[in-house]
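Novice: Chains A and B supply the protein sequences, listed in that same order. Position 65 of the first sequence, counted from 1, bears residue number 65 in this note's numbering, the numbering being contiguous throughout. Position 207 of the second sequence, counted from 1, bears residue number 207 in this note's numbering, the numbering being contiguous throughout.
Hints are not guaranteed to be accurate.
What the hints assert, rightly or not - Taking lysine to aspartate or glutamate pairs in the DMTMM-like style, the calculated list, with each CA pair at most 25 Å apart, reads: (1) A/106 / B/120; (2) A/317 / B/302; (3) A/83 / B/72; (4) A/153 / A/331.
Derived by calculation from the structure, the hints in this document are not laboratory data.
There are 2 protein chains.
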Amino acid sequence: MSQRPTIKDVAKRANVSLSTVSLVVNNKSYVSPKTRERVERVINELGYHPTSSARGLALRKSGNIGFILTNDHFTQSEPFYTKIFLGAEFEIQKHNYYILLATIPKQFNASNSIPRFLLEKNVDGVIVAGRVDYKMIEFIETMGIPLVLIDYKISNRQYSTIVMNNYKGAEQAVKHLISHGHKKIGFIGGELQHPSIKQRYIGYSEALAGAGIQPENNWIVKDLPDTRQMNGYDGARKLFSKKECRPTAIFVANDAMALGVMKYCKENNIKIPDDLAVIGFDNIEASYYVEPKLTTIDVNKEEMGIIGVQTLLNSIKEKTDIVRNIHTSVELVIRESCNSKGC
Amino acid sequence: MSQRPTIKDVAKRANVSLSTVSLVVNNKSYVSPKTRERVERVINELGYHPTSSARGLALRKSGNIGFILTNDHFTQSEPFYTKIFLGAEFEIQKHNYYILLATIPKQFNASNSIPRFLLEKNVDGVIVAGRVDYKMIEFIETMGIPLVLIDYKISNRQYSTIVMNNYKGAEQAVKHLISHGHKKIGFIGGELQHPSIKQRYIGYSEALAGAGIQPENNWIVKDLPDTRQMNGYDGARKLFSKKECRPTAIFVANDAMALGVMKYCKENNIKIPDDLAVIGFDNIEASYYVEPKLTTIDVNKEEMGIIGVQTLLNSIKEKTDIVRNIHTSVELVIRESCNSKGC
DNA sequence: AATTGTTATCGAAGCGCTTCGATAATTGTG
DNA sequence: CACAATTATCGAAGCGCTTCGATAACAATT
Numbered sequence: 001m002s003q004r005p006t007i008k009d010v011a012k013r014a015n016v017s018l019s020t021v022s023l024v025v026n027n028k029s030y031v032s033p034k035t036r037e038r039v040e041r042v043i044n045e046l047g048y049h050p051t052s053s054a055r056g057l058a059l060r061k062s063g064n065i066g067f068i069l070t071n072d073h074f075t076q077s078e079p080f081y082t083k084i085f086l087g088a089e090f091e092i093q094k095h096n097y098y099i100l101l102a103t104i105p106k107q108f109n110a111s112n113s114i115p116r117f118l119l120e121k122n123v124d125g126v127i128v129a130g131r132v133d134y135k136m137i138e139f140i141e142t143m144g145i146p147l148v149l150i151d152y153k154i155s156n157r158q159y160s161t162i163v164m165n166n167y168k169g170a171e172q173a174v175k176h177l178i179s180h181g182h183k184k185i186g187f188i189g190g191e192l193q194h195p196s197i198k199q200r201y202i203g204y205s206e207a208l209a210g211a212g213i214q215p216e217n218n219w220i221v222k223d224l225p226d227t228r229q230m231n232g233y234d235g236a237r238k239l240f241s242k243k244e245c246r247p248t249a250i251f252v253a254n255d256a257m258a259l260g261v262m263k264y265c266k267e268n269n270i271k272i273p274d275d276l277a278v279i280g281f282d283n284i285e286a287s288y289y290v291e292p293k294l295t296t297i298d299v300n301k302e303e304m305g306i307i308g309v310q311t312l313l314n315s316i317k318e319k320t321d322i323v324r325n326i327h328t329s330v331e332l333v334i335r336e337s338c339n340s341k342g343c
Numbered sequence: 001m002s003q004r005p006t007i008k009d010v011a012k013r014a015n016v017s018l019s020t021v022s023l024v025v026n027n028k029s030y031v032s033p034k035t036r037e038r039v040e041r042v043i044n045e046l047g048y049h050p051t052s053s054a055r056g057l058a059l060r061k062s063g064n065i066g067f068i069l070t071n072d073h074f075t076q077s078e079p080f081y082t083k084i085f086l087g088a089e090f091e092i093q094k095h096n097y098y099i100l101l102a103t104i105p106k107q108f109n110a111s112n113s114i115p116r117f118l119l120e121k122n123v124d125g126v127i128v129a130g131r132v133d134y135k136m137i138e139f140i141e142t143m144g145i146p147l148v149l150i151d152y153k154i155s156n157r158q159y160s161t162i163v164m165n166n167y168k169g170a171e172q173a174v175k176h177l178i179s180h181g182h183k184k185i186g187f188i189g190g191e192l193q194h195p196s197i198k199q200r201y202i203g204y205s206e207a208l209a210g211a212g213i214q215p216e217n218n219w220i221v222k223d224l225p226d227t228r229q230m231n232g233y234d235g236a237r238k239l240f241s242k243k244e245c246r247p248t249a250i251f252v253a254n255d256a257m258a259l260g261v262m263k264y265c266k267e268n269n270i271k272i273p274d275d276l277a278v279i280g281f282d283n284i285e286a287s288y289y290v291e292p293k294l295t296t297i298d299v300n301k302e303e304m305g306i307i308g309v310q311t312l313l314n315s316i317k318e319k320t321d322i323v324r325n326i327h328t329s330v331e332l333v334i335r336e337s338c339n340s341k342g343c
C-alpha cells in the first residue's frame, strides 16, 4: 500500500525544490508560469494534498474553527441551529478550514464543560450559536480567541454578532397586512425583554406609525410570560374578550404563538383568514402543516451560518478587534392565513 | 501576550529532557515516580497541553474521525441523527479525538461531494450515519480508511455496522400486548424490503409464534408503499374494512404510521386503547404529544453513536479488518395507547 | 567482584510543511 | 554595455512533538 505522496515526492517528480512546490500550492511569491504549470500537473498526477497537521505546525495555526452550542439547542426538533451549522459548514469548506463542533450543557461548569479544542488551542476562532452560559463567553475571551456570536446578543458588551433582522421582518409582516387593506392590526407577543421580540414589537409599531395608523391599546397583548404556543392561545383569548373594536389582523411575534392563536380561533369559530388575518414569524415547520397554512416571516438560517463564518474569518485575518454587528435577511412567505380583504 | 507553553518549556522548568516529558504525557516506558510527579506538577503550573498538529505530524495520525451523513438526514425535524452524532461526540471526547462532521448531498457526485477530510486524509477513521450513496462508501473503502456504518445496513457486503435491535423491539412490543391479554394482534407496516421494517415484522411473527398464536392474514397489512403517516391511515382502513375477526391490538411498524392509524381510529370512532390497543416503534417526539399518548419502542440514539465510536476506534487500533455487527438496545416505553384488557 | 538484567534518562533524527535569506537568471535603464 | 532592479529558484532552519537507540545508574545474580 503506497503511502500518500508528500511535498517531497512532488518536488522530485517535477524537478524543483520543496520550496517551489510550496510556493505553487499557496501561490505566493514569484514562480514562472512554466514551472507552476509543471508542478501543478505533477500534483494532479500524484493526487497530492498537503497534510493539515504539518501545515498547521509550520504556520502555528490549527486550520480549525470551533462551533459551540448547548446540547438542547442542538437536539431541538425545529432544526434552527442545525441549519445555521449547516450554513457554516458549507461556507467553511470554501476557506479550507474545518469546523469542530462542541455541544455544552446548559449549565456551564468550568471543570468539564470546556470544549477540548479550547484547552488545546486547536481552533483559530470560535462561533457560539444561541444563548450559552456567559462564563463560556468570558473564558473564550480571556483566551484571546476571535469570537463571533450567532443568534445571541449580549447587551453592554462588544462582540461581533449575527442576528436575524427582527425589525425588518416585523415591518414586512405589518406592511403585508396593510397592503391587504387592514388598518386594525393587533400584536400578540410575550417576553418583551427578549431582544428579538422587542425588535419585532418595535418594527410593528413603527410600520403602523409609518402608515399613519395609531394602534389602540386593546389590539395589543404583550405581557405574555414566554413565547410558547399556549401563550399565543391565552393572548388571543385576552384580546377577544374585549368586544369593542377588534383588530382584523394580528401580527404574532412568533409562529409557535401564532399556532396558539389559530387554535383559539378554531375553537371560537373565528375564521382565518376571513374574520381575522394572522401572520407569524420564524417559519417553523409546523407553520406549513397547520390549516390554513400560516403566512410568516422566514429566517435564512443558512445565511446566518455563512455570514458568521465569513465574519469570524475576517477577524482571524485582521489582527485588530473590529466588532461587527450584522442583521441577516428575512423574507415574507405568503401562504393562506391572511388572504382576506381588510375591513 | 505570552505564547502558550510547549513541551520544551515544561522540560526546562522540570529539569528533564523533552523525551522524558513526552514519556510522562503519554505514560510510556519507565519514568521514576519522583520525576513523573515533578513533571506533572510543572504541566499543571504552566497549563500545558500538547499541540495536536505537532503530535499528529509525529505520529502520522490526524487525531480526527470523520462523521458523514446526508444533509436532509441532518436537518430533518426528528433529531434522530443529531442524537446519534451527539452520542458520538460525547464518546469521542473521552478518547481525545475530534469529530469532523461532513454533510453530503443525497445524490453523490465524485467531483464535489467528497468531504475534504478524506481528500486530505485528515481522519483516521470514518462513521457513516444513515443511508448514503453507495459510491461514497466505495470511495472510503478504496482509501483504506476504517469505516463503521450506523443505521445503515448494506447487504452482501462486509462492513462493521451499528443498528438498533429491531427484532427485539418488535418482540417486546408484541409481548407487551400479549401480557395485556391480547391474542388477536395485528401488524401494519410498509416497505418490507427495508431491513429494519423486515426485522420488525419477523420479530412480530416470532413473538406470536412463541406464544402459540397463529396470526390470521386479515390482521396483517404489509404492502404499504412506504412508512409515512398517511400509509398508516390507509393501512388501518384496509384492515378495518374487513369486518370479520378484527384484531384487538396492532403493532405498527413505526410511530409515524401509528399516528396515521390513530387518526383513522379517531375519525371512525374506534376508541384507543379500549377498542384497540396500538403500539408503535421509534419513540418520535410526536408520539408523546398525541392523544392518547402512544406506547412505543424507544431507540437509544446516543448509544448508537457511542458504540459506533467505540467500534471505529477499535478498528483503528487493531490493524486487522475485523467486522463487527452490533445491535443496540431498545426499550419499551409504556404510555396510554394499550392499557386495555384484551378480549 | 564480575556479569547480567532492569530501570531511568537523554540526544538526535524525523514527521511534512513554510519561509527567510541567499543566489542565480532575466529584464530594464541610462 | 554596465549596472540596478526584478523575477525565479533553492537550501536550510524551524514549527512541537514522538521514538529509537545509547548511555548511565542501580539491583540482582552468580
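Novice: Are the hints correct? Go through all of them and say.
Specialist: To see whether the hints hold, each was checked on the structure:
Taken as a hint, the residue 106 of chain A and residue 120 of chain B pair is broken in the structure, with Cα atoms around 35 Å apart against an allowance of 25 Å. For the hint linking residue 317 of chain A to residue 302 of chain B, the alpha-carbon distance of about 37 Å lies beyond 25 Å, and the restraint is violated. Proximity of residue 83 of chain A to residue 72 of chain B is assessed by CA-CA distance (about 10 Å); at most 25 Å being required, the pair is judged to hold. Pair hint residue 153 of chain A plus residue 331 of chain A holds up; C-alpha atoms about 21 Å apart against a cutoff of 25 Å.
Violated hints, listed in ascending order, are 1, 2; each of the other numbered hints is respected by the structure.
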